[in-house]
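Numbering (full-length UniProt numbering), first residue to last: 1 to 398.
The reader is advised that the hints may include incorrect statements.
[What the hints assert, rightly or not] Ranges of calculated distance between the beta carbons of each label pair, as one might list FRET restraints:
| hint | residue 1 | residue 2 | range |
| --- | --- | --- | --- |
| 1 | Asn164 | Ser61 | 47 to 53 Å |
| 2 | Val265 | Glu56 | 50 to 56 Å |
| 3 | Ala41 | Val98 | 24 to 30 Å |
| 4 | Asn218 | Asp175 | 32 to 38 Å |
Treat the hints as calculated values from the structure; they're not laboratory data.
Note that the coordinates shown come from a computational prediction; the quantities given were computed from them, not determined experimentally.
We put the CB at the ideal spot given by N, CA and C, even for glycine.
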Amino acid sequence: MFGVQVHGARTNESNTSAPASTNFTTAYDELLFQGTASVGATYSITAVKFRTNGGEWENASGTTTWSFTAVLPLLTNLVDVIAIASSGKTNMISVKAVRDIAIFVSKGGDDANDGISANKSVKTIQVGISRAVQYNIPRVKVASGVYEPGDGLESSEAGVYITNISGFILEGGYDPDFTMTNMATSLDGKDTLKHVMVVSNARNILVNNFVVRNGKANGSGIHACGGGLLLYETTNTILTNMIISNNKANFNGGGVYVASSHTNVILGDLYANSATNVGGGMGNISSNGLGGGVYLTISLSNRIGGEIFSNEAGSGGGIYFNSSPTNTLSADVHHNRAMSGAYGGGVYFKNSVIFFDNTTNRGNIGYGIYTNNSVFENFDGVIWGTGSDANTPDNVGP
Numbered sequence: 001m002f003g004v005q006v007h008g009a010r011t012n013e014s015n016t017s018a019p020a021s022t023n024f025t026t027a028y029d030e031l032l033f034q035g036t037a038s039v040g041a042t043y044s045i046t047a048v049k050f051r052t053n054g055g056e057w058e059n060a061s062g063t064t065t066w067s068f069t070a071v072l073p074l075l076t077n078l079v080d081v082i083a084i085a086s087s088g089k090t091n092m093i094s095v096k097a098v099r100d101i102a103i104f105v106s107k108g109g110d111d112a113n114d115g116i117s118a119n120k121s122v123k124t125i126q127v128g129i130s131r132a133v134q135y136n137i138p139r140v141k142v143a144s145g146v147y148e149p150g151d152g153l154e155s156s157e158a159g160v161y162i163t164n165i166s167g168f169i170l171e172g173g174y175d176p177d178f179t180m181t182n183m184a185t186s187l188d189g190k191d192t193l194k195h196v197m198v199v200s201n202a203r204n205i206l207v208n209n210f211v212v213r214n215g216k217a218n219g220s221g222i223h224a225c226g227g228g229l230l231l232y233e234t235t236n237t238i239l240t241n242m243i244i245s246n247n248k249a250n251f252n253g254g255g256v257y258v259a260s261s262h263t264n265v266i267l268g269d270l271y272a273n274s275a276t277n278v279g280g281g282m283g284n285i286s287s288n289g290l291g292g293g294v295y296l297t298i299s300l301s302n303r304i305g306g307e308i309f310s311n312e313a314g315s316g317g318g319i320y321f322n323s324s325p326t327n328t329l330s331a332d333v334h335h336n337r338a339m340s341g342a343y344g345g346g347v348y349f350k351n352s353v354i355f356f357d358n359t360t361n362r363g364n365i366g367y368g369i370y371t372n373n374s375v376f377e378n379f380d381g382v383i384w385g386t387g388s389d390a391n392t393p394d395n396v397g398p
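Generate coordinates for the entire structure from the input sequences, incorporating the hints supplied.
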């Protein structure tokens, strides 16, 4: 009788029972193997040995209860374990250990590490992205925790940059052992970063499972826009399971600012963002100071989904589309505000064609929807509300 368990070598948190032959995917470059061996009463277990990738046999610690740590030098490694009885008979099991191909980032990491295994994670997300480019690894996994300027985030204008990259994944929410994504990874600009995250000149990007908060775009030009997230000249970028909140901008796009970007998808909750002139929640480049929850300009075939609420701006408190054809809105847009008597508390679109897909619009101040030389087609949704859920002064204007 022979059994084995496999663990992350440093943390001992992953616990997988291995039958006679198994595949095991790991975030570590070392694994702790431990198990038991037994034989009939007439005989005893005299030794347990192991080898990695067909190398020399080494002795494990113990016999009937045994353990050893195996170093995994390859992407795919074969670890053999053999129990030897006093009768001379043997029993062997093999475990195929496949290394998870990613760069790992954690609060307890060290930027001097290479980041290619969970027990050698780096601490700063930008260092992780640089390692990914250096080693041609298209994925960065970020463990849970709060990342702040100088403590996991860059401390200059933006906390994280994804620029000049094609085919790349940045994922947050991992537990300390990088086996599940059931936790929160927060990127907190602490009101000192002009942008918490920048995605520019990029294609085929996935950003998943982050909280983006407390950015403050108080610079000049582009750095007065997009306190939370700045997207510029991006294509086929997907941002999903995002929470973007409590970001500010002196000009456009307190939460998100998007410009000249096409066929992107943004899904998540966008709330409590503000802009002095425009773009409280999500904004795109506009010299006219417009846009609140969402602001797109010169951007086409994008999809916005999720919940957009409690954002405010000069006009377009919830969403503003400018010169942006064939974009799709699939969101619950509610209780946003266009300040100073301006229009577009919920949705404002100018010189644009918008498709509404399963959209709800309610409780916005400054009209639910306001159009300016624009049309909305294939409306699928509800514009409604009574009492505190009523759009004021009306559902649609002018």
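Tested hints:
1. Asn164 <-> Ser61: 47 to 53 Å: Holds, at about 49 Å.
2. Val265 <-> Glu56: 50 to 56 Å: holds, 52 Å
3. Ala41 <-> Val98: 24 to 30 Å: Violated - the Cβ-Cβ distance for alanine 41 and valine 98, about 39 Å, lies outside 24 to 30 Å.
4. Asn218 <-> Asp175: 32 to 38 Å: holds, 36 Å
Of the numbered hints stated above, the single one contradicted by the structure is hint 3.
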